[in-house]
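Enquirer: The lines below spell out each chain.
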Amino acid sequence: MLIREATEKDLAGIMALEHECFINDAWSEEVMHSELVASHTFYVVVIEEEKIVGYAGLSKLPGSNQADIQTIATQPSVRGRGYGRELMNTLNSKAKELGATEIFLEVRADNTVAQKLYKLFGFKRIGIRKNYYQPDNVDAFVMQTTINSKEPIVLGIESSCDETGIGIVRGNQLLANVISSSMEQHAIFGGVVPEVAARAHLEALTPVLDEALNKANIALDDIDAIAVTNGPGLAGALMVGISAAKALSVATGKPIYAVNHLVGHVAADILANGEVATPTIALLVSGGHTSLLLVRDLLTDVQLLGETIDDAAGEAFDKVARVLGLPYPGGPQIDRVAKEGNPTAIRFPRGLSLPKDMAEHRYDFSFSGLKTAVARHVEVLEDKGEEVNLPDVAASFREAVVDVLVTKAINACKEHDVPRLLLGGGVTANARLREIAAKRCAEEGIELRIPPFDLCTDNGAMIAVLGAQLIMSGALPSKLDFGANSTLQVTKVQS
Amino acid sequence: MYSIALDTSAGTTVAVLKDDVVLAELNYDENMTHAERIGQALSDVLSKAAIRSAQIDRVVVGMGPGPFTGLRVGLAAAKFFALGANAELVGICSLDAIALSFYEQNPEAGALLVLTDARRKEVFWAAYSGIADGLPIRVVGPSVTKEENIKDFIDVDSLERTELLVTASALGKIAFSENSTELGANYDVSPIYLREPDAVPGKGKRVSS
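Residue numbers (numbering that gives the first Met the number 0), protein chains in the order written: chain A, 0 to 494; chain B, 0 to 208.
For the record, the hints were derived by calculation from the structure and aren't laboratory data.
Ideal Cβ positions, reconstructed from N, Cα and C, are used throughout, including at glycine.
Be aware that one or more of the hints could be misleading.
[What the hints assert, rightly or not] SDA-like cross-link-like pairs, simulated, lysine to any residue; straight-line CA separation at most 20 Å: (1) A:LYS253 <-> B:TYR27; (2) A:LYS478 <-> B:TYR27; (3) B:LYS204 <-> A:LYS253; (4) B:LYS204 <-> A:GLY324; (5) A:LYS115 <-> A:GLU96; (6) B:LYS204 <-> A:GLU17; (7) B:LYS204 <-> A:GLU85.
[Unchecked claim] Every beta carbon over 10 Å from chain A, so not counted as near; a handful from chain B, in silico: (8) GLN104; (9) THR144; (10) SER189.
[Claimed, not checked] Pair ranges (Cβ atoms, derived): (11) B:ASP28 <-> A:GLU414: 46 to 54 Å; (12) A:SER33 <-> B:ASP28: 57 to 65 Å; (13) B:ASP43 <-> A:ASN216: 33 to 41 Å; (14) B:ASN85 <-> A:ASN216: 12 to 20 Å; (15) B:ARG51 <-> A:GLU210: 46 to 54 Å; (16) A:THR145 <-> B:ASN85: 39 to 47 Å; (17) B:ASP43 <-> A:PRO326: 43 to 51 Å; (18) A:GLU183 <-> B:MET31: 30 to 38 Å; (19) A:SER485 <-> B:ASP116: 19 to 27 Å; (20) B:LYS17 <-> A:LYS115: 53 to 61 Å; (21) B:VAL138 <-> A:GLY79: 51 to 59 Å; (22) A:ASN410 <-> B:ARG51: 50 to 58 Å; (23) B:GLN104 <-> A:GLY79: 52 to 60 Å; (24) A:GLY79 <-> B:ARG51: 25 to 33 Å.
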């Protein structure tokens, strides 16, 4: 299913549906055509299997603060799938973007299904037009809603891996960002243990919430909405945050928004730079993810270009640190040791960078072969009784990871004609990644943005600000029945 | 005093009580859908009882034992419900709720063994000598062992058994009774796991032969 702006070419498809939906009072082709081409109107169509199965239109005259919903229709065979809601969301966002503060519509007095949908979006009956619909002699109810232009205060809860994060924002403004990490508890295991992480989340919830409210200097009552990560991530860890968020929503009566963790990392840019300038390529690198995204619009057009097919980059740092006898977490340790080393001393493999791999995995990553190559290098030397030059191995390994990450990200920028690169995730703390990304972006004329570390690592503020964007765009709250989705697709911004 | 009680140590169960009188209760048996259920269940049980969340004085939660992932759903929800509704939070051993339900149905019964599935061919269990002032008297447990090893701790043959499941209403009643006894309510609310996380520090292994 796809919603896109309608063009003149859609006229025939729209008219077919118009006659199917409005048997006695369909608009004429001339009227519909003038609606589609007028400069003060905005029409969208729902496409399924290349056919138009829904459409809706908005009218907003320049200089007026009022918008009118002209029509909305979905094919009977696709009803019940939420397309009506999606269409309303789209028109709402557009009305707001055009500067409207009120939206009006007329609805048949006998169409209770449509009236229910409008009520969901805050529309109220303000008048009646007698015998408005002809030839059926049916009255029209006039309904109106006010667009909420206030900047909502949103509490965001993040628990997808080993960080319990609760952040609070007012619109695009950061009020608090408190993070409790269970990293130390995972150290003896050499990697994140899901059960250990989930236990730590439960213990951290209350103190982290208290601290966030204190830092923001607000009470729970002041909050307008709650946002929570529902994926991707560790299922058992996600469930702790989700359950807490739902209960808080029911107890306080505040609406809840289930949001995507990876899109949250992109949204973090709003807190750092005031907006997510689009289009942008986003490279998200952490202990759990290595993903390359093409973001044309934060809420409606995020596309996954590629991701790791085995270990995440952060995981590779942890595993190689162990091979080198360095403690967990590996990233900072390898960064420290590598400072004294020569990054070109050993040529470790660049995963999925050969022409044959690039054909199928142009923007994908692989780090498990690299880890094995490092381990083999160390074992061979040790077997011969030779000394391993730790700084050189660390620097050369780090170089291989950073090289692949930055090369693929810059390729994505160039090949999609996108002049921006945004970094996110805990591995952005890596000094060499920042250095190489800055150097190569400067060479290519690409703008590089890296939010401060506590907005790059997993945190609740990025979830809160993504929730705030949804609210300000007129999105409806999530229903209470969403669950944890450990493999949630990046295209699903809100569940 | 209005309480909302919840438990996710087995299925999902929620109840609203006025003192020890149950106003509404909802029970869902599935043991894999706690996180999906819990929000709507809390909302629905309040509607059914015609009570607003702001009227709730106390949140009572079953602390387990039970499978960890599901168990945490109830505890996480209870903690934040209590904060959101400005209510106190009380924790009760989930097996005690099963014992209460048993003694309510069998007032003349003697000693009782409560068993629940702990997976990995083991059981969570606790033994009770009877009931006093509305509170089951737990004498051994909660513990986790193979079922055949319980006899090493207690004379199994002299104990009655029950198939009853934990209910939120029973948890709410226990919390109310505890409050009116010298035992006091349990404000130290953390899950009864009984097992350490199932992870061992990995050893590095060679990649070359």
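Enquirer: Should the hint that ASN85 (chain B) and ASN216 (chain A) are 12 to 20 Å apart at their CB atoms be regarded as holding?
Expert: Holds, since ASN85 (chain B) and ASN216 (chain A) (Cβ atoms, about 18 Å apart) stay within the stated range.
Enquirer: Starting from the range 43 to 51 Å, see whether the pair ASP43 (chain B) and PRO326 (chain A) falls in it by beta-carbon distance.
Expert: 49 Å, holds
Enquirer: Within a Cα-Cα threshold of 20 Å, do LYS204 (chain B) and LYS253 (chain A) meet the stated pairing?
Expert: Cα-Cα ~51 Å, so violated.
Enquirer: Note whether the CB distance of ASP28 (chain B) and GLU414 (chain A) lies within 46 to 54 Å or breaks it.
Expert: 53 Å, holds
Enquirer: Given the hint that LYS204 (chain B) pairs with GLU17 (chain A), does the C-alpha gap stay at or below 20 Å?
Expert: 67 Å, violated
Enquirer: Take the C-beta atom of SER33 (chain A) and the C-beta atom of ASP28 (chain B), compute their distance, and say whether it sits inside 57 to 65 Å.
Expert: 59 Å, holds
Enquirer: Given a hint of 33 to 41 Å, does the C-beta separation of ASP43 (chain B) and ASN216 (chain A) actually sit inside it?
Expert: 35 Å, holds
Enquirer: If we take the beta carbon of GLN104 (chain B), is the closest beta carbon in chain A still more than 10 Å away?
Expert: Holds: least Cβ distance 31 Å, greater than 10 Å.
Enquirer: Straight-line Cα separation of LYS478 (chain A) and TYR27 (chain B) no greater than 20 Å?
Expert: OK: LYS478 (chain A) and TYR27 (chain B) at ~19 Å, within 20 Å.
Enquirer: Holds or violated: are the alpha carbons of LYS204 (chain B) and GLU85 (chain A) at most 20 Å from each other?
Expert: 52 Å, violated
Enquirer: With respect to the beta-carbon atoms only, verify the hint that VAL138 (chain B) and GLY79 (chain A) lie 51 to 59 Å apart.
Expert: Between VAL138 (chain B) and GLY79 (chain A), where Cβ atoms are some 56 Å apart, the hint holds.
Enquirer: Verify that the Cβ of THR144 (chain B) lies farther than 10 Å from every Cβ atom of chain A, and report whether the claim holds or is violated.
Expert: The claim stands: THR144 (chain B) keeps its Cβ more than 10 Å from every Cβ of chain A (closest is about 20 Å).
In summary, the numbered hints that this structure violates are 1, 3, 5, 6, 7, 10, 15, 16, 20, 23.
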